[in-house]
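Given the sequences, and given the hints that come with them, work out the whole structure.
Chains R and P, in that order, are what the protein sequence lines are.
First residue of the first sequence? That's 1 in the working numbering, and the numbers climb one at a time after it.
First residue of the second sequence? That's 478 in the working numbering, and the numbers climb one at a time after it.
Since the hints were made in silico from the structure, they are not lab data.
No more than 20 Å apart at the CA atoms, straight line, and that leaves these computed lysine to any residue pairs for SDA-like:
1) K628/P x W441/R
2) K264/R x V514/P
3) K264/R x T518/P
4) K405/R x R503/P
5) K254/R x V501/P
So you can see what is in the structure, the chains are spelled out below.
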Amino acid sequence: MNMQKEMPAVGAVKVYAAISGVVILLMMLFGLVMRMTQGQMLPIEPELFYQLMTAHGIGMVAIAGLGGSAVMWHFLGKYVNLRAGFAWANLAFFLAGVVLVLGGIFLGGFAAAWTFLYPLPANGMGQWGKHAAAAYMGGVLLVGVGMLLFYLESARAIMQKYGSFARALGWHFLRSGQDAPPATVIASTVVTIINIIAILIGAVILTMMLVNLYVPEIAIHPLLAKNLIFLFGHVFINSTIYMAVIAVYEILPKYTGRPWNVYKPFVWAWSATCLMVLTVYPHHLLMDYAQPLWMHIMGQIISYTSSLPVLALTLTATLGSIYRSNIKWDLTSALLVLSIFGWSAGVIPAVIDGTIAVNQVMHNTLWVPGHFHLYLLLGCVTMILGFTNWIANKEKAVGFSGLEKAMLWTFACSAFAYALMFLLSGQASVPRRWAVHLPEWLVYSQIASLFAAGVVISAMTIIVRAMGGIIRPARQA
Amino acid sequence: MYQQVAWMVSIVLIALLAIAFFYVVRQSSREGNGAAVAAATGRWRGRLLWGVTLLCIPVVAYTLTELPYARGAIANLGTVEVQAKGYQWYWEISQTELPVGKPIEFQVTSADVNHGFAIYDTDMKIVTQTQAMPGVTNVLRHTFEKPGTYKILCLEYCGVAHHSMMTELHVVAQ
Ligand SMILES: [Cu+2]
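Here's what the structure looks like:
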């Protein structure tokens with residue numbers, strides 16, 4: 001191994017992990033403030049609420065992307081030759097984009113939600129102007145460009161080592177049963193393919209909307225815009241989990257002594273996912289009655305089929321790998337196992353909401369953040385925290401202190417209960433994205449705020465302690 | 478109705494999942510035969526995949542039989558046509574007093590940005606909804622079964638006064 005090549009990449013992964021920790025914590029605080037505002041426990045005006053909502057949404061999506069790519073970069077780099085410059089370039093674009101996004105939101109007043117649904121960014125009704133909207137959308141575009149460079153580099157490196165995507169996906173293994181690529185390479189290849197497509201589509205719609213901001217005569221069809229935005233948004237956020245789960249594939253075997261084997265259904269499932277993730281997004285448009293009927297039906301059917309294969313395999317493999325394995329429990333292994341629970345649990349209400357008849361009474365209620373907080377907060381973010389802790393402990397299993405156990409349980413129970421409060425509210429028809437709730441809904445937000453506080457306190461303890469571990473050796477060096 | 482079904486099914490399945498995790502984690506500190514566990518894992522994987530498949534096929538097929546999308550023109554006389562248009566931040570509805578028991582056709586659109594047209598019943602539960610999109614008319618058909626004051630709430634975020642975009646429908650017996 002070439003040390004000079006390796007060291008900067010390890011440095012980049014540490015910086016990614018550190019930034020992810022800090023941003024996750026800040027975004028969690030925004031979440032707490034929003035729930036307290038909805039519970040009328042904080043005197044925040046709707047203007048600021050919707051700015052925080054926009055920042056929380058885009059911030060969490062972007063940081064899940066950055067944290068997930070830290071996991072992917074770190075482990076994929078053990079199999080293929082990734083050039084560290086691309087990790088740093090991605091980070092530079094990311095930071096430049098974040099500055100623009102935050103400026104657009106908190107200086108320019110932009111608050112069109114992270115999904116920037118056309119034509120809301122151009123219709124701020126005096127709360128924000130077109131420059132603020134341009135700063136936000138330009139910032140998102142910059143983050144996307146950085147990510148695109150990152151995936152183009154992973155695509156190049158995978159091709160260099162495996163010759164084709166088909167081999168990196170393990171298709172030859174389906175026929176011959178020989179030379180299966182590692183699970184990390186299969187997952188990374190799927191994410192590389194789908195995210196290059198998704199980011200290009202995102203860049204197209206963002207560019208169209210930026211042009212439209214300054215030349216309103218060049219209009220976009222709102223339904224086409226919505227299709228493109230959700231295709232991009234769904235694939236991108238889905239990919240964050242597919243990148244972060246690599247931490248489970250790579251780290252858990254170090255604790256159980258049981259390797260994460262690649263077998264034929266695993267190869268099948270990931271290749272199927274590659275196609276289905278790109279075609280599942282119409283389940284976001286089930287209430288757009290003007291959308292063609294076949295897209296609605298496809299949306300429901302693929303909702304059921306797309307999430308289940310990889311999940312069922314990862315779930316059974318995780319449980320099978322820890323069952324009577326004499327696993328060494330510490331904060332890292334506990335977070336990783338917890339994350340598979342969160343991901344699996346979140347898929348259940350998500351698939352149910354992908355049913356058209358259910359969506360008709362659940363769409364855009366708090367049911368939606370209910371399921372995605374299960375698989376993003378208790379799934380994706382938990383995977384990233386597990387990975388961060390692993391890096392902080394210099395990639396070794398360590399002991400499980402009393403404080404860590406207490407914080408893990410606080411985090412697990414609070415995050416779970418927090419997401420359940422969303423589901424319960426959605427079941428009671430409470431809308432999502434409302435700054436001011438009706439009197440009969442206040443109690444849900446007030447109880448949820450309590451659990452949000454539990455999440456913030458436990459996550460802060462976990463993140464701050466991990467930060468210490470990440471930063472310390474850098475100072476000595 | 479579907480709200481309760483969705484909630485109950487979710488809670489039961491999540492509880493089963495939690496039980497599986499608790500059971501396995503409790504067993505995790507013992508040392509077992511790796512090959513036997515791997516074989517058992519393979520069997521559970523098969524059961525889960527087959528179980529989920531066999532469960533989902535009838536559910537998907539059944540739920541696809543009653544879709545809310547209006548197809549073709551309504552032939553029967555007596556259908557009430559209502560135009561609903563969203564604005565930042567109010568609703569313009571051609572007729573807000575509606576008969577009970579008659580099919581109503583809401584032709585929903587928007588004058589500016591995307592809004593969500595959701596009908597809440599007297600218990601503040603959603604009965605049906607569609608999107609209100611500029612340049613597009615979404616046709617929502619619904620027959621009110623009970624008289625009373627229903628509310629329209631905006632369910633697509635549309636700017637700073639989104640949450641105050643509410644109006645009422647009065648459904649009366651005739
Ligand atoms: Cu609205």
